[in-house]
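Novice: Going line by line, the protein sequences match chains A and B. Heads up, our numbering is the position in the first sequence plus 341, with the first residue counted as 1. Heads up, our numbering is the position in the second sequence plus 232, with the first residue counted as 1.
Rather than coming from a laboratory, the hints here were simulated on the basis of the structure. Bear in mind the structure is a predicted one, so any value in this text is a computation, not a measurement. We treat Cβ as the ideally placed atom computed from N, Cα and C, and that holds for glycine. There's no promise every hint is true.
To be verified - Not the full set, but computed from the structure, chain A residues with beta-carbon under 7 Å of chain B:
hint, residue
1, Val-350
2, His-359
3, Asp-396
4, Pro-520
5, Tyr-522
6, Ala-580
7, Asn-582
8, Leu-609
9, Gly-613
Stated by the list, open to error - Which stretches of chain B does chain A cover? Using the computed rule of at least three CB atoms under 8 Å from a CB of chain A, they are:
hint, region
10, 265-274
11, 320-326
12, 381-387
13, 486-497
14, 523-531
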Amino acid sequence: MTNSQRIVVDPITRIEGHLRIEAEMGEAGKIVRASAAGTSVRGVEVILSDRDPRDVWVHAQRICGGGCTVSHAVASIRAVEDALHVSVPHNAQLIRNLMIGTQFIHNHITHFYRRQVLDWVDLLSALKADPKATAQLAENISHWPKSSPGYFADTQKKIKGFIESGQLGIFANGFWGHPAYQLPPELNLLVVAHYLEAIAWQRDVVKLHTIFGGKNPHPNFVMGGVPCAINLSGEDATAVNMAGLQIVQDMIHQMQAFVEQVYLPDTLAIAGFYKDWAARGEGIGNFLCFGDMPTKEAGTQDSFFFPQGIILNRDISTIHPIDLKNATEIQEFVAHSWYKYSVGDGHGLHPYEGETNLHYTGPKPPYEYLDVNAKYSWIKSPRWQGKPVEVGPLARVLMLYAKGHEPTKEIVHDTLEKLSFGLDAFFSTLGRTVARALESKLLAEEMQHWFGALMINIHAGNLRTFQRDQWDPSTWPQETRGVGFTESPRGALAHWVVIQEGRIANYQTVASGTWNAGPRDTTGQSGACEAALQHNHTVADPKQPIEILRTVHSFDPCITCAAH
Amino acid sequence: MENREIEPLESSMVHGVSRRTFLQYCATLASLMALPSSAGVAFSKALSSVSRPPVIWLSFQDCGGCTESLIRSNVPTLEDLLFNSLSLEYHQAFQISAGIATEAARKDVVQKNWGKYLLIVDGSIPMKEEGVYSTTAGVSHYDLLMEMAKGAAAVIAMGTCAVSGGLSRAYPNPTGATAISRLIKDKPVINLPGCPPIPVVMTGVLIYYLTFGAFPELDALGRPKAFYGETVHDRCYRRPFYEQGKFAKSFDDEGARQGWCLFELGCKGHITHNACSTKKWNGAVSFPIESGHGCLGCSEPGFLDTGSFYRALSLPEKPIGHAVNALMAGAMVGGSMFMTNRGFKMVAAHTHLPSCVADLEKESGG
């Protein structure tokens with residue numbers, strides 16, 4: 342393979358972090374091998390060592406300030422709580438659930454409109470749309486009130502003025518007019534209008550995080566519960582008062598409305614024009630969930646909204662159990678990652694024994710190509726019992742479906758019927774994209790239940806949000822360890838901590854992006870994103886690799902998380 | 233009788249909002265920055281101009297949070313900024329193209345706007361091992377920063393990582409993460425710390441620069457006084473409880489529920505120069521202290537190495553070795569968590585007359 346047959350896409354744009362794809366091309370523009378490289382690292386696990394376990398959520402949270410700003414804080418705090426046997430009050434579980442749920446829906450909609458949709462929607466074609474026909478289309482697929490011909494004419498005019506100004510900025514060199522764009526002008530215009538609406542929507546709904554966590558990005562948490570005391574009578578004593586809880590309720594309604602009336606209908610309308618993408622980008626066929634959203638005080642798995650487990654080889658008839666503490670199940674490999682293991686780079690290490698020794702062996706910058714047969718990424722390769730897996734919305738929807746969750750079965754069947762697909766269509770670039778929207782709908786409904794349960798507790802006089810029994814280090818064992826897991830919007834996330842004499846002795850993170858965007862392992866098995874790109878992909882124009890973007894974005898890969 | 237035609241609706245609109253709403257927004261911005269009403273007029277003129285000034289945003293060792301914070305901006309909104317006030321010429325998190333098309337767009341923009349563009353940087357630059365820890369398109373981020381800074385009119389270091397190294401630079405700083413102001417010496421650099429910065433701090437400084445072609449008045453650490461001139465404690469709504477000696481002792485005790493001072497739970501508001509207690513967050517619905525957690529001090533250099541987020545400042549833990557080093561290093565670049573600097577107090581905040589729409593309508597002839 343000569344380098345001239347290799348397409349390099351660096352930067353992959355519209356993601357968080359720094360990702361590079363090198364795709365080796367075969368006959369007729371077909372991708373035969375893809376290599377995903379995380380090209381930026383901070384060494385956060387090294388930084389987290391020798392710190393106070395109650396503090397580290399602050400550092401860990403800053404692994405990602407985008408779609409996972411809640412997730413790393415929660416995983417970190419739960420790891421320490423697990424190690425110190427802290428049980429969290431019911432109200433704190435519910436408030437954490439509400440914050441995680443908001444993070445999901447906020448991220449999914451932001452990802453879809455800002456980071457993903459212009460892979461499918463041609464901005465220039467939107468200028469050719471008839472606003473009246475667009476309004477008709479809008480009314481056919483949704484009850485969303487912003488659907489008048491005038492509204493779409495205004496949007497069109499705004500875009501036209503922008504383009505005619507000649508200052509295209511971030512839209513410059515877009516792949517407009519590429520034959521891969523297949524939507525009619527009216528649908529393009531409809532979605533472009535929603536692209537703009539989504540920006541306004543997202544800045545409102547994060548107010549839920551601000552009420553409970555004081556700010557977004559990077560809202561606050563605390564080991565043992567949540568930091569926000571509740572006081573309904575004291576007018577302005579704390580943010581969690583009557584007015585604050587009313588904002589929370591409003592935000593839940595706003596999330597529900599936008600998911601049901603904009604995001605989901607848009608996704609299905611777009612999917613109807615790209616059915617060939619339901620047979621492309623499958624990836625691995627193994628799907629892992631750590632599970633999350635405990636609805637009982639004990640936080641036990643039987644009360645999770647998202648179940649835990651693993652599906653192998655697309656076989657949804659069996660959910661295999663997983664054990665995050667079992668040394669032989671989850672291991673990280675560095676055969677193709679720029680790290681050095683004391684036991685040799687051919688071995689896998691369970692995160693309790695994990696090591697983070699940065700050791701760059703790639704070409705000296707500036708370089709044109711990576712040596713993808715050697716080490717080529719700052720992301721490690723996590724494996725479950727040696728197998729690569731995919732994590733994220735598709736894994737969760739499949740898990741809920743496999744568990745027989747009725748609302749999931751219903752929405753999955755509805756969707757398949759609308760698109761005339763079989764269940765197999767989910768194992769694809771398109772399936773991953775649709776699953777994200779379905780999950781948002783399911784979660785938006787669930788959030789109302791959590792909020793209802795919180796309000797029942799409050800009205801019954803239960804204001805407990807924090808548990809301080811294990812706050813004092815004198816109560817801690819000399820040595821202990823724990824794992825904290827969560828579902829982040831992008832997929833399963835866990836942090837493992839080893840605590841010795843009151844300080845962090847070892848800290849390891851395996852993030853959603855590590856699973857999805859990691860490199861090949863010791864035996865040459867590709868990571869999920871690599872495998873998806875190797876499944877039935879041709880690139881029509883190497884200078885405009887829109888096909889690569891579609892599949893990479895279908896994972897919503899977070900590389901600041903993945904490499905950390 | 234004067235022959236005046238009824239003005240069509242379109243021409244009374246600026247950027248698709250009514251002129252009055254637009255002026256209101258300019259006035260609000262001026263007021264938020266403690267500027268006289270004439271600034272609001274200048275804003276309104278600059279923002280109505282036909283050509284939008286070029287802005288380039290680069291992300292290095294970042295977490296994405298600074299970009300997200302920009303997107304949360306209410307005054308002005310991101311849509312306003314993008315469509316009306318500036319031309320965001322390059323930002324990887326938004327860029328529609330990818331790979332070589334993006335690289336070509338970046339080079340093209342630099343060439344076309346040489347000497348004119350404002351460069352915004354978030355994230356730190358790893359200087360160990362010749363920068364192999366962070367690259368884009370095979371180029372080290374140090375080289376990319378220097379290439380892009382060369383043609384810039386001025387540079388904004390956005391967020392604590394760019395300003396003082398942030399998370400990457402926390403002990404033991406495995407990648408040699410370095411602040412932007414230590415690397416760029418021949419251009420004006422403004423520091424907007426915060427993890428992330430408050431949106432209006434970002435947009436206020438942006439609009440100010442685009443209007444006046446210069447940065448607003450800065451303190452000794454290169455931060456705009458309008459936003460970093462006071463500590464979080466100075467204007468905290470819980471300060472009366474501090475004066476009364478009423479402190480929450482736990483996160484859900486009676487004191488916490490009554491909104492008492494969080495000093496004993498480790499609040500760093502006393503030594504943190506930022507505008508959280510006045511501007512608040514996300515449509516001003518709350519800020520960290522109002523939601524029960526002490527200030528983490530996230531806009532101060534070295535805030536991740538201070539020993540404990542939950543220990544009261546009056547009883548500082550004897551800092552462990554690396555914290556001392558980090559603090560010393562922080563002090564060397566000009567700041568320290570344990571230095572309150574009341575000299576930075578901004579007089580204008582107490583004395584300025586807030587501008588109002590009427591002023592602007594009068595002065596701009598609107």
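Novice: Each hint: holds or not?
Specialist: Right, here's what the structure says about each hint:
{"no.": "1", "hint": "Val-350", "in the structure": "4 Å, holds"}
{"no.": "2", "hint": "His-359", "in the structure": "6 Å, holds"}
{"no.": "3", "hint": "Asp-396", "in the structure": "5 Å, holds"}
{"no.": "4", "hint": "Pro-520", "in the structure": "16 Å, violated"}
{"no.": "5", "hint": "Tyr-522", "in the structure": "12 Å, violated"}
{"no.": "6", "hint": "Ala-580", "in the structure": "4 Å, holds"}
{"no.": "7", "hint": "Asn-582", "in the structure": "9 Å, violated"}
{"no.": "8", "hint": "Leu-609", "in the structure": "23 Å, violated"}
{"no.": "9", "hint": "Gly-613", "in the structure": "23 Å, violated"}
{"no.": "10", "hint": "265-274", "in the structure": "violated (count 0)"}
{"no.": "11", "hint": "320-326", "in the structure": "holds (count 7)"}
{"no.": "12", "hint": "381-387", "in the structure": "violated (count 0)"}
{"no.": "13", "hint": "486-497", "in the structure": "holds (count 4)"}
{"no.": "14", "hint": "523-531", "in the structure": "holds (count 5)"}
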